[in-house]
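Protein chains in written order, with my numbering: chain G, 250 to 511; chain F, 18 to 355; chain U, -6 to 193.
Hints are computed from structural coordinates only; laboratory data are not their basis.
Check each hint, because a few of them may be wrong.
With a cut-off of at most 30 angstroms between alpha-carbon atoms, the simulated DSSO-like pairs for lysine-lysine come out as follows [claimed, not checked]: (1) F:Lys99 <-> F:Lys284; (2) F:Lys239 <-> G:Lys414; (3) F:Lys131 <-> U:Lys186; (4) F:Lys205 <-> G:Lys414; (5) G:Lys311 <-> F:Lys90; (6) U:Lys46 <-> F:Lys90; (7) U:Lys186 <-> G:Lys414.
Single-letter residue listing:
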Amino acid sequence: MALDIDRHAHVSSPINRWDARFKLASMGLFIVAIALLKTLPMALLALALAITLLRVSKLPLKFISHGLAFVLVFLLPFFIVMPLSYPGEPAFTVMGLGFAWEGLRLATLIFLKALAIVMVSFAIFGSSRFDVSMLALQHLRCPRVVVQMLLFTYRYTFTFLDEMKRMHTSMLARGFAPRTDLRTLQVFGHFVGTLLVRSFERTERVYKAMLSKGYQGTLHSMVSFASGPADYAKALLAVTLAGALVAGDFSGLFNHAERGWF
Amino acid sequence: MNERIMIDVDNISFTYPDGHAVLKGLSCQIRQGEKVALIGPNGAGKSTFMSHLNGVQLATSGRVVIDGIEVGKTTLREVRRKVGIVFQDPDDQLFCPTVFDDVAFGPLNLGLDKAEIEARVKEALHVVGLEGFEERSSFHLSFGERKRLALATVLSYQPEILVFDEPSTNMDPMNRRKLINWLKQSDKTILLCTHDLDIALEVCDRCMMLTDGRIIADGPSKKILYDRQLLEENKLELPLALMTHELLHGILYTEDMDDEHRQIISKFLHAHRHAHGPDGHEHVHLHVHSHDHSHLHEEVDEEHFHSHPHHQHDHGHSHGHDTLPHTHDGYDHKKEQP
Amino acid sequence: MHISEGILSTPVWVAGYAGAAALAAVTMRNMDMEEIPKISVITAVFFVASLIKVPLGPASIHLILNGLAGIVLGWRAFPAIMLGIILQAIIFGHGGITVIGINSLMLGGGALVAYMVWQLRHRFDIQRRELIFGALAGAVGTISSGIVLALALVTTGEAFNAIAATVLAAHIPIMFIEAVVVGVSAQFLSRVKPEILAGN
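Modelling step: build the complete structure from the supplied sequences, incorporating the hints.
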């Protein structure tokens, strides 16, 4: 599983070239719009738009497959439980449990929305360098401390992932095989403890190194933003589409989910 | 050394999913009891090669057979019982609350009973000179102690084949010497991947050079490690011990000096050559780059190097860095691993 | 267990953001410069540790360890977990963007409760104190998040009641696993580097 979200950030596309501040802000609104949807047809439209966005961003499908798999696996139980437990009159019974179409509809709605949002999210963060995205967040009034910590955490994740892999290799080399038993849990407990101890010692060194290079609590960056008409145009398009989705949803032209959301 | 082939690598290649080829048709065979050095420039694929020996990585083509067992997804446990890898960074191998637990980790995975585990831990700690450290935590040990502990954690597992990844890096000279002594007296099959060509020269009779994903040289250490051209073409250098030899050799024949001094230097070279050089009258080329000394080589050979086997291999004295009397080594030579 | 996108009703996830922001502000008060790299690095460890898969019968689950975060970071566990959740949403698409708030409340809140339970250990002077209270913290951290999650689902609508019950039930085996791992870690840390544990 690759951790570097920005490994395709060099791929040139209209999304990649979009000023990260505009991108994050307008796409953020777009995501909120999707989250507000309660009708199936609008959710389908949202998904279609998300897929289009991904195509335009030229990010490979493999890139997002893991994220989509998560949604699928997480929501699978919903498809089973919701139709069978929906409050009210069931349409028919299956093995003693009432099956309600409304439950299935709700589950499908959730599924479509989740997929759409995840796709948009990958399109946003996969098309800019991580530090650029973070700086954009800062420009959008996200607290500096939070941005700084996000940057550090991201960077150190790779270091620890490496360390973890090597430790894991040496464990495997001495015959360790994880099982459903207490010993496995104990080994993992020690493993995590070890990582923590090493990280603790590392923070002391990191901090000293930073201080000796003049760190005073803020991170400075060489990245600067420069926006042009294209950025405004894209943002306008995004906001308009978002508005259209929400309007279509509220218009009453389609069936709302009932007993699901109020 | 018998004929049982412990490691049989048959034309393996390994390419990452992104197309980057690391191993490109690599073959070699290592027999029981052999001590082989694997040398080569950084990035040549030594680490990748090692990870194929215990199935941590599986070759994209070709096969690896460990003592008759082909390395594959279903044979990992068996293979890992035979091959023990001691990694470069001891911290990658130590993660238990106490030294005892770290060394017991392997035997526990083997499902041994309590008494056997305790016995193995005790033995392994004894071999590396860390008796009495059982209740201490690895996090509070010095680097040298951790390096020895890492070795102990693999020894207790008692594999027949030991693979070392840069065993002497960052080690202080005394611990390095202890390691060398232990390696020399061990009867296991040993593969040393290292940049420390001196340790390779001292411990290993055979040397393989891995460059750009292939083994481009495989022969006696006393041939490969003397081949300056081969070494330098592959971003390596002569072992330090040989550089001294070369230097003195040059001095001996280019400088004006009286006989007494000449004799002292010749004796040094003689003893040095016995420590590292060939037995008998094998010719070894020292590519001395500035002058053509080839004629001198023969002269030297006849006048000064009538080598006779009655000379003991005096490992300690000739290069002067072992200042310890042999009895005080941290490693116990006589105790053998069952 | 994080909740994914699209499930919760708008009032719920918006409230999640509000609550998380408030708690974050409170728990990040008076944070000094040195804590910035410290929290970040430890968050990175937890992030990476959450990739560890523990076999559970035929399947496997990921470690959450919010209880351990509480034990090690004390009140700062909340911002640390929130950071982890933000990164998980961005990098893996786990959880989701709209539910960062509620996921933070859930797991971060659990960490805080775990810390409070952990602090109770001072009243006892017994053998293996760290192991026991670590295990309790681990269990409590897990079950509190489960409860918050179930509440969020139930508030979203009647249709989600059954799912809420399922999710809560699913937390029980997880609770046990977390208890053991966190307990063992706590004991390990108290032995090897006690100063890493919060609230001494």
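Evaluated hints:
no.	hint	result
1	F:Lys99 <-> F:Lys284	violated (45 angstroms)
2	F:Lys239 <-> G:Lys414	violated (37 angstroms)
3	F:Lys131 <-> U:Lys186	holds (28 angstroms)
4	F:Lys205 <-> G:Lys414	holds (28 angstroms)
5	G:Lys311 <-> F:Lys90	holds (25 angstroms)
6	U:Lys46 <-> F:Lys90	holds (19 angstroms)
7	U:Lys186 <-> G:Lys414	holds (23 angstroms)
Violated hints, in rising order: 1, 2; the structure is consistent with all others.
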